[in-house]
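Peer 1: The task is to assemble the complex, starting from two chains supplied on their own in separate frames and drawing on the hints.
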Amino acid sequence: MSSSSPAIETVGVRRVFESRKGFLFREVTRTEALRGVDLVVERGSIFGLLGPNGAGKTTFTKILSTLLSPSGGKALVLGHDVTTETAWLRPRIGLVLGGERGLYNRISGRENLRYFADLYGVPAAEREKRIDEVLARVDLVWAADRRVEEYSRGMKQKLHLARGILHRPEILFLDEPTIGLDPKSARETRKLVRSLVTDGVTIFLTTHYMFEAEELCPQIAVLSKGRIVARDTVDGLRKLVGGDRTLEAEAYGFEDKELDIVRHLPGVSKVVSEEYGPSIRLTMRVRTRETTPEDVSRALPGHPELSVRERRTSLEDVYLDLVEEEAR
Amino acid sequence: MALVQAQYSGRRGVSASLRLSVLQFMADPQWLVPSMIAPVIFGLVSFELFAGYGGSYYLIYAILGAGMMSMWGQTLYGSGWATGQDRVFGTLEPTIQSPTPYLYVVLGRVLWNVVSGLIGGLIVYIVVVAAARQLPAVTDPVGFAVLFVFVMLTLAAVGVVFAAFYVYTRYAGFIQNIGEFAFYVGTGCMFPVVILPFLAWPASLFFPPTWALDALRYLAIPGYQGFRWGFWWDLVGAVGTTAVYLGIAGSIFHRVERHVLEMGNLSDY
Numbered sequence: 001m002s003s004s005s006p007a008i009e010t011v012g013v014r015r016v017f018e019s020r021k022g023f024l025f026r027e028v029t030r031t032e033a034l035r036g037v038d039l040v041v042e043r044g045s046i047f048g049l050l051g052p053n054g055a056g057k058t059t060f061t062k063i064l065s066t067l068l069s070p071s072g073g074k075a076l077v078l079g080h081d082v083t084t085e086t087a088w089l090r091p092r093i094g095l096v097l098g099g100e101r102g103l104y105n106r107i108s109g110r111e112n113l114r115y116f117a118d119l120y121g122v123p124a125a126e127r128e129k130r131i132d133e134v135l136a137r138v139d140l141v142w143a144a145d146r147r148v149e150e151y152s153r154g155m156k157q158k159l160h161l162a163r164g165i166l167h168r169p170e171i172l173f174l175d176e177p178t179i180g181l182d183p184k185s186a187r188e189t190r191k192l193v194r195s196l197v198t199d200g201v202t203i204f205l206t207t208h209y210m211f212e213a214e215e216l217c218p219q220i221a222v223l224s225k226g227r228i229v230a231r232d233t234v235d236g237l238r239k240l241v242g243g244d245r246t247l248e249a250e251a252y253g254f255e256d257k258e259l260d261i262v263r264h265l266p267g268v269s270k271v272v273s274e275e276y277g278p279s280i281r282l283t284m285r286v287r288t289r290e291t292t293p294e295d296v297s298r299a300l301p302g303h304p305e306l307s308v309r310e311r312r313t314s315l316e317d318v319y320l321d322l323v324e325e326e327a328r
Numbered sequence: 001m002a003l004v005q006a007q008y009s010g011r012r013g014v015s016a017s018l019r020l021s022v023l024q025f026m027a028d029p030q031w032l033v034p035s036m037i038a039p040v041i042f043g044l045v046s047f048e049l050f051a052g053y054g055g056s057y058y059l060i061y062a063i064l065g066a067g068m069m070s071m072w073g074q075t076l077y078g079s080g081w082a083t084g085q086d087r088v089f090g091t092l093e094p095t096i097q098s099p100t101p102y103l104y105v106v107l108g109r110v111l112w113n114v115v116s117g118l119i120g121g122l123i124v125y126i127v128v129v130a131a132a133r134q135l136p137a138v139t140d141p142v143g144f145a146v147l148f149v150f151v152m153l154t155l156a157a158v159g160v161v162f163a164a165f166y167v168y169t170r171y172a173g174f175i176q177n178i179g180e181f182a183f184y185v186g187t188g189c190m191f192p193v194v195i196l197p198f199l200a201w202p203a204s205l206f207f208p209p210t211w212a213l214d215a216l217r218y219l220a221i222p223g224y225q226g227f228r229w230g231f232w233w234d235l236v237g238a239v240g241t242t243a244v245y246l247g248i249a250g251s252i253f254h255r256v257e258r259h260v261l262e263m264g265n266l267s268d269y
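Heads up: the protein sequence lines correspond to chains H and C, in order.
Residue numbering for the first sequence follows the numbering used here, starting at 1 and increasing by one per position.
Residue numbering for the second sequence follows the numbering used here, starting at 1 and increasing by one per position.
Looking at chain C on its own, in the form it has when it is part of the complex (with noise of 0.2 Å):
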């Protein structure tokens, strides 16, 4: 049984972890419920709250609120989660022992959490204009899809970043948990950063979300005020952030990689 030439290689290690993914995902229907009902149903109610105060622009704040929520999170700490959960499994030692970068593993789930997210958030949006019978008033609709795609991608950043917490140890989800409410915060996921005091202001623009989800509100809303430095700012600021972030990836895995395999804890959950 000679070896073959191995064929292992970046792209290959992403698209079996992204099919991996959609298979959990379909064999486990109880992921419907984080991911597409709940996200509905916290839309819905946001909905109703914001109606109560008028507006032509309170759709948006339901749709991108706490309708969204759990997409964000969904987005940011799938992939992590998705690594502690191989802890529990057993899995991560024979991946780690593959010849494919545990990174691009990651980067498969991220891929998959970001498309499902992006499903989850269409289905909220849908679902909000529905029972709302109007569509949300948007100053630039195409301009806010694809600043919305990139506010995913911007959270998923983030996450690969986190990810590597899980691999590094098996108390990231109890760090995460944490963390989630604050990140949500912190970030603007909620509301917009600008109603924090200005103190807080620096560690938000910390993470790339923060940066994106500003923009995304100039596209959204009319004579919206966020950062004082404006919608181009806040779109460099973003993309310099995400760079950021995607090159602490690159290097804190192989990091981490060496960390647990001097530590021996792959196997704890």
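Chain H on its own, in the form it takes in the complex (with noise of 0.2 Å):
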């Protein structure tokens, strides 16, 4: 397969889980986590993933990174079956779950590298230099040696993250890369990350953080339950869910045809009432410059407490507003 091929690409994939519960009457429950995901994702960038809590971030990635069978369709890893060519697959594939847990803690973080280097076929005269070259980009050089169940949570993800580039990987899976890390930490892995990627590695990453998406992350996709409910840049994003500007405006109560009047304001796409401690807030999705904070003032006068503000439509108003659509 030519090194032109999409780093990732799936056509209709699907996962369903089956859980059985009793001994001598079996009950069995179906649950279906990817309900037909197609995605493309080109060589050599950051794509983030992004979905609520059950929405199967998790379980796509492990299928990408051969360790779950799709139940259908086909993904495609660097041109590559992730079911059938797997031994083709894992020794270019990184894969960073994070946690608690997928670690020898008993043993050192430089054991569980030697470890991880023999079974990942790092070559064995490098071995060492490259162990002491991971530690040093996650910074845990000063305790390398020190057994992993001392580490504290970060430290730990650190250690994940250093095992996942150990083997220099074409395409690293990066399962929320910075949960648990410190913003100091956080952001030194953010750099990394970059990094990477300056190198010509392809980074797929799903995140619950939405700035960390936005910062890093030329395209995204959101995923929920079970699909692809939307895929752009983040500008892009904006612009499918209403807008790149936001006015949010807050009183103690507005009346149903106030909300209509609002609605029709010239740019407005969307208008969502929500109760914001006392107050009622209305935010406004806004696609052009039309619509000012002084014409919705304008719009809703007899309100002595009313306060209208701007600001950008950030990624995390982007994701609600599909996340909640598609609950709808």
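Keep in mind the hints are simulated off the structure, nothing from the lab.
Nothing here was measured: the structure is a model prediction, and the numbers come from that model.
Do not rely on the hints blindly, as some may be mistaken.
[Said to hold, decoys possible] No more than 16 Å apart at the CA atoms, straight line, and that leaves these computed lysine to aspartate or glutamate pairs for EDC-like:
| # | chain 1 | residue 1 | chain 2 | residue 2 |
| --- | --- | --- | --- | --- |
| 1 | H | Lys270 | H | Asp260 |
| 2 | H | Lys21 | C | Asp268 |
| 3 | H | Lys191 | H | Asp139 |
| 4 | H | Lys270 | H | Glu310 |
| 5 | H | Lys74 | C | Glu262 |
| 6 | H | Lys74 | H | Asp38 |
Peer 2: Structure follows, in structure tokens:
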């Protein structure tokens, strides 16, 4: 397969989990975690996958990293089938699932890396040098010879990351790589991720942190209930949910007819009303520059306490809009 | 960061797994109890029990029987148990995801379990002999030593197949606990299989250690009457069934891995 094939290409990927309960009378429960995921990710960039808990992000990541077979559809990584060409793919894939588990706690971080370096086929002559190199990249040299059980959660996360890049993969799957890290470590991790892309690695990142996705990922997909509900650049997603400007109006209450008035202001694509402490907040997505905070104030007379603010639509707004829409 | 030619191999996988097993053993002194201390205690108790009956071969019963029970268990189940631990630690996923087939990881563990089992066996031997103040009467000491190592390998072959169940399901430990004692009785670890009802023999002969342990007794005890076909056919049976088990292990791991990827239960524990 040529190196021009996409880093990831999936067509209709489905995954059904079956869980069984009972001993004599077994009760089988089926859960459809992925309901037909179509996705193409080009090589050499960072691709972000967002989604609420249970959306299927980790399931999808595990399928792409050959740890789980899809129940249906087709998934290619680097142009190779994740189900039938695992021997070709595994040396080229890095996977960071993170969390407290996944490491041998009774031995040192360095010994963990030695073990996995051998399993992942890091050339024997380079092994020690490579281990030192990745430990330095994740700033863990100082604790390399300590037992992992003495590590903090953040240190474990860094060790996961070090293991993921130890064999210099062509594509790296990162499942919430900064979870549990302090702000400084998280920032360093993001810096490391960016540097990996400079080295030519394709990164597939799942995260709950919107700012992280916004900062790192030129392309983002939102997964909800096992389906990709949107896929674009951050700006493209802003447009998709109704505009890159957001106006927020707060008062002690609004009447339905006032909401209708606001909805019909020029460029306003979406209005959501929600309780906000003792007040009601109207959130408006605005496509154009025609409607300003002053226009909204004028449209809502009779509210002396009214305050209207303007801000840029954040990725979090986009995400919530998309996920809530899907939930409806 | 271009991919450098990956150099994974079965040999590296086995040696990495062996090294990890040693490190984990050293890091966790509690393993000294089941693998070294308990066998010595069982051996001494067994020696006292057999000593009352007299006879010149009781020592070998003491050493091979209860004294080495923990050692048999470790050789047989150690690698499977370690796979179960991989589930608990969450290390089964990254290990399976690596390019090295998991079978080699198991083989490395088996190797360590055989070595540590032999060390444990040697300690039991020394302590029981010291307590008895006499060497055990063994008809053919050299043959006995060689065959003893082979017995360990037959157990290890079964252990590799058992380890596949630990990859297959998190309930493997439960199944093991049910079958463990029956396995010891049925394969002659505790006493010769020939004293079991004839109908139990076919099931026993399905396991390589049954053949190997019977052959071992021929070398240890003069006039021993084991299976009626004698020492050499015992040996042929042991080699044959071991080969079958290793063959099964070679193919079963590939199938088990495919199955667990379909089930998606690698992180369950």
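Peer 1: Indicate, hint by hint, whether the structure satisfies it.
Peer 2: Right, here's what the structure says about each hint:
As the CA atoms of Lys270/H and Asp260/H are separated by approximately 11 Å, the hinted pair is consistent with the 16 Å bound. Proximity of Lys21/H to Asp268/C is assessed by CA-CA distance (about 14 Å); at most 16 Å being required, the pair is judged to hold. Taken as a hint, the Lys191/H and Asp139/H pair is honoured in the structure, with Cα atoms around 12 Å apart against an allowance of 16 Å. With a C-alpha separation of about 15 Å, the suggested pair Lys270/H and Glu310/H falls inside the 16 Å cut-off, and the hint holds.
Taking the CA atoms of Lys74/H and Glu262/C, the gap is near 14 Å; set against the 16 Å cutoff, the hint holds. For the suggested pair Lys74/H and Asp38/H, the alpha carbons sit about 9 Å apart, so the restraint of at most 16 Å is met.
Figure legend: structure checked against the earlier numbered hints; every hint is met.
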